[in-house]
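Please put together the full structure from these sequences, using the hints given.
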Amino acid sequence: MEFSAREIADLLQGVCEGDPDIRVSQLAKIEEATKGTMTFLANPAYTNHIYSTEASIVLVKDDFQPEKPIQGTLIRVKDPYGALARLLELYKKSNPEKTGLSKLAFISPRAQIAENTYIGEFAYVGDGVVLGKNVRVYPHTYIGDNVHIGDDTTLYSGVRIYENSRLGARCTIHSNAVIGADGFGFAPQTDNNYKKVAQIGNVIIEDNVEIGAGTTIDRATLGSTIIRSGVKLDNLIQIGHNVVIGENTVMAAQCGVAGSSKIGKNCMIGGQVGISGHLTIGNDVKIAAQTGVSSSIEDGQIIMGSPAMEASQYKKSFVYFRNFEKLVKRIDELEQVIKKLKSY
Amino acid sequence: MEFSAREIADLLQGVCEGDPDIRVSQLAKIEEATKGTMTFLANPAYTNHIYSTEASIVLVKDDFQPEKPIQGTLIRVKDPYGALARLLELYKKSNPEKTGLSKLAFISPRAQIAENTYIGEFAYVGDGVVLGKNVRVYPHTYIGDNVHIGDDTTLYSGVRIYENSRLGARCTIHSNAVIGADGFGFAPQTDNNYKKVAQIGNVIIEDNVEIGAGTTIDRATLGSTIIRSGVKLDNLIQIGHNVVIGENTVMAAQCGVAGSSKIGKNCMIGGQVGISGHLTIGNDVKIAAQTGVSSSIEDGQIIMGSPAMEASQYKKSFVYFRNFEKLVKRIDELEQVIKKLKSY
Amino acid sequence: MEFSAREIADLLQGVCEGDPDIRVSQLAKIEEATKGTMTFLANPAYTNHIYSTEASIVLVKDDFQPEKPIQGTLIRVKDPYGALARLLELYKKSNPEKTGLSKLAFISPRAQIAENTYIGEFAYVGDGVVLGKNVRVYPHTYIGDNVHIGDDTTLYSGVRIYENSRLGARCTIHSNAVIGADGFGFAPQTDNNYKKVAQIGNVIIEDNVEIGAGTTIDRATLGSTIIRSGVKLDNLIQIGHNVVIGENTVMAAQCGVAGSSKIGKNCMIGGQVGISGHLTIGNDVKIAAQTGVSSSIEDGQIIMGSPAMEASQYKKSFVYFRNFEKLVKRIDELEQVIKKLKSY
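These protein sequences, in sequence, are chains Z, W and R. Numbered continuously in this note's numbering, the first sequence closes out at residue 344. Numbered continuously in this note's numbering, the second sequence closes out at residue 1344. Numbered continuously in this note's numbering, the third sequence closes out at residue 2344.
By construction, these hints were calculated from the structure, which means they are not laboratory data. Keep in mind that the hints are not guaranteed to be accurate.
Using C-beta positions, here's what the derived DEER-type ranges look like [claimed, not checked]:
(1) W:S1295 <-> Z:K339: 34 to 40 Å
(2) W:A1045 <-> Z:K195: 18 to 24 Å
(3) W:E1115 <-> R:S2025: 31 to 37 Å
(4) Z:G82 <-> R:K2326: 53 to 59 Å
(5) W:K1329 <-> Z:N43: 52 to 58 Å
(6) Z:K315 <-> W:E1298: 33 to 39 Å
(7) Z:E67 <-> W:Q1189: 48 to 54 Å
(8) R:S2025 <-> Z:R322: 54 to 60 Å
(9) Z:V319 <-> W:Q1189: 20 to 26 Å
(10) W:A1045 <-> Z:G128: 34 to 40 Å
(11) R:P2109 <-> W:G1100: 32 to 38 Å
Below, in silico cross-link-like pairs of lysine to aspartate or glutamate (EDC-like), each with a Cα-Cα straight-line distance of 20 Å or less [unchecked claim]:
(12) Z:K133 <-> Z:E97
(13) R:K2093 <-> R:D2010
(14) R:K2262 <-> Z:E32
(15) W:K1339 <-> Z:E335
(16) Z:K265 <-> R:D2191
(17) W:K1329 <-> Z:E335
(18) W:K1098 <-> W:E1115
(19) W:K1195 <-> R:E2206
Values in this document were obtained by computation on a predicted structure and should not be read as measured data. Positions of the beta carbon are idealized from the N, C-alpha and C atoms, including for glycine.
Here you go:
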């Protein structure tokens, strides 16, 4: 499909500057954009590209002041990144969605499937499963017995949902994520063996949650492991049994949270962070990548290091660490001087 | 099902204190327990909940001395956590198990399947596979050619077992674990290319091993990668080719062990630990979370840091690191004083 | 199959020393080799095993000088590891390969499948897919719509390839790897919520790439995430949206690369390394295991630490860190001396 600059400006409530009739059929990054494409300038670091891009249309912030002439038509909007997000979404939605129940799927006669659901080839839907409207289950996905899934949720190929899990509405679960495997609980025996502690709880995922590819969320020993509304988990994250993650907390790839820790709302957690078990992390906490959290953290803290400490303090200490050799030389010199002074 | 306090006390060889006829139908955590549920006090940190819980029955240690009156019936046992584990297991076992061979599975006519086995929908069982008694293979699991699996082992949905692997009895392998993919072996070529080194060994997993969701265990280049009896691996762990992990060693989520390292018995390894290749880790070693092990470790060591060092020393050094600024100020001051002294 | 020492020496262009008619049927590691097997000495650390091994044939470097008598026949070659790799490959190839299109697979009538392809049971091949010659798709693998895959590429069981991805020739993708899941992109909203940014780009994997089990490579927001020819990725690695990895770069298990970072050619990246977003890593860079890279790195650098610094400097600083207590004692003593000096 093609759109004119005028049509796009109307859609985004933006202002057109240049030829309003120029037409585009694709979106592209500013450093790769060619004629017939539309691009955007959201990150100031890319500003120099705007003077050389061949893009027919460039989306810019409303107060953008060009320092040189620009070839294409500008569309000025209040929030270029938000506007771009809207265009990407429209583009995505223009692709037809998968629908219908494949004859090659296994759907238990004791499952309840609401209208307009897609269940792909070789998907497995167990006894007592309840699927809401517009749920999309891609091929090879496993939905264990008595799992409930809310409206408009998508499970990509190879997702595994163990029995009794609960998923809310408008969630996206990416391929090969595993929801509800056993928590890691073993009782030590006298002969160095361990005895498995049966894990009879479940996992509850609320609404608007995104879970990345390969991420694993263990079921609770007793009670529930809970992922609150709006949480976004990236790929290959491990969430232990009985963990609770608060609303709108965002976690980057490869983080691990050990059993029974509670994480607050609106936290931002960098990649490869490890959080020990039985801790309480407050709201609005920011944790730098690779941090190792071994004690509870209060609201609003910004932490870094392994074990974790206040981030600004870590950075200062790390500068000294980096220059450790110089510091030791200063001590060496002090010792030399003292030696001389003492010898007087 | 409902049970009376007396019945449960008899089962656990415990002593009933309070109404022995009170009945419960569920287990719950002490902070969430309601009437008609049974709870437990195993961790002293939760003691204050026992005075407010609505649980009808509370499992406590035999020498527990309440400081205030408690509403429900107490059952005193020697080991509350062990007793809880037993109850959880009974609860779990009360659920009917999956049985039978699904007509929607692929089972090679050249596979040997013992009695009482479950093979779920869309499972794949290759040529020459040998499955023991009571083996349970959930939907979508792949068992490559000539894999042997011992009695009472469970493979959850989406497990991948490459050809020639050997699994013992009473193992549990969680969803999307991958056993026997190629080791990461490449021979550098003169033009910066790498040539793949074929990996013709296998993986041997002994008895009573638990392997978490998404964990990957590579086959040996030659010979075997070996996971000894009683080992417990959490989720998203990586075990390289030709690694050997000793009996009853426990490893938390997201650890990685590079090729050819040997790990001893009864080790406890925290989350996100990395162990380099070709090392020997002794028996009874404890490794703190996020440690980076780059040299061999003797029996009984407790280590921490990246690269790893003795844990108590790491903790001391880290306290100084944390207060690095103060230390540098002390050096600054010393220099000031010295300067003055010298100027006399 | 059995081979004589002479036959093997001819094959490897090596020189036979000892009985040329001795026959072997298997390869084994030097510390495990028995009669009738052939072994090798590639790593000098294993030299002492050569005097006690029962192997019938030992592959050694052409200039190897034994210090004691050796039981078996030696075959001297220029590059024992390369020769071994060749034998392993021959051994591997002696196993018959899977062929044919399973009737239990789903293959879209709108897919193009070239000759001599294997598509296993319960594999899913979507609309518009193009598979080259000799492509092997193991059971349970998902190939989304409009994916193109080059000749001689193998996808093991449970691989997930989202729509529009491009894979080159002679690639190997191990079980449960996920190619093309959504990048982790969310636009913050005023109420602490996040709005998903649709990810409309794709993943391009060039030729001769190996991707480990459970590794995840996200699609680009716009444009492509690109894995260049010859790249080798180990297991459980996370590659973010719009990342580019240069030719012949090798990455060990559990590394993570955040969105939009560009990595050069011929880099060697250790296990559990984290690389932040929007960075440029040059060519021939070496990164030690567990390093945290938070700023761009120039060609040829060797780095270590979290945050990363020059490796040799890190090692020096870490020695001081390890001995921090001694250093603080020196400062204590200096202060004592100064105090005395001042009191004069």
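Hint by hint, here is what the structure shows:
| no. | hint | verdict |
| --- | --- | --- |
| 1 | W:S1295 <-> Z:K339: 34 to 40 Å | 36 Å, holds |
| 2 | W:A1045 <-> Z:K195: 18 to 24 Å | 23 Å, holds |
| 3 | W:E1115 <-> R:S2025: 31 to 37 Å | 36 Å, holds |
| 4 | Z:G82 <-> R:K2326: 53 to 59 Å | 56 Å, holds |
| 5 | W:K1329 <-> Z:N43: 52 to 58 Å | 40 Å, violated |
| 6 | Z:K315 <-> W:E1298: 33 to 39 Å | 36 Å, holds |
| 7 | Z:E67 <-> W:Q1189: 48 to 54 Å | 49 Å, holds |
| 8 | R:S2025 <-> Z:R322: 54 to 60 Å | 57 Å, holds |
| 9 | Z:V319 <-> W:Q1189: 20 to 26 Å | 42 Å, violated |
| 10 | W:A1045 <-> Z:G128: 34 to 40 Å | 37 Å, holds |
| 11 | R:P2109 <-> W:G1100: 32 to 38 Å | 34 Å, holds |
| 12 | Z:K133 <-> Z:E97 | 14 Å, holds |
| 13 | R:K2093 <-> R:D2010 | 19 Å, holds |
| 14 | R:K2262 <-> Z:E32 | 15 Å, holds |
| 15 | W:K1339 <-> Z:E335 | 13 Å, holds |
| 16 | Z:K265 <-> R:D2191 | 12 Å, holds |
| 17 | W:K1329 <-> Z:E335 | 17 Å, holds |
| 18 | W:K1098 <-> W:E1115 | 14 Å, holds |
| 19 | W:K1195 <-> R:E2206 | 16 Å, holds |
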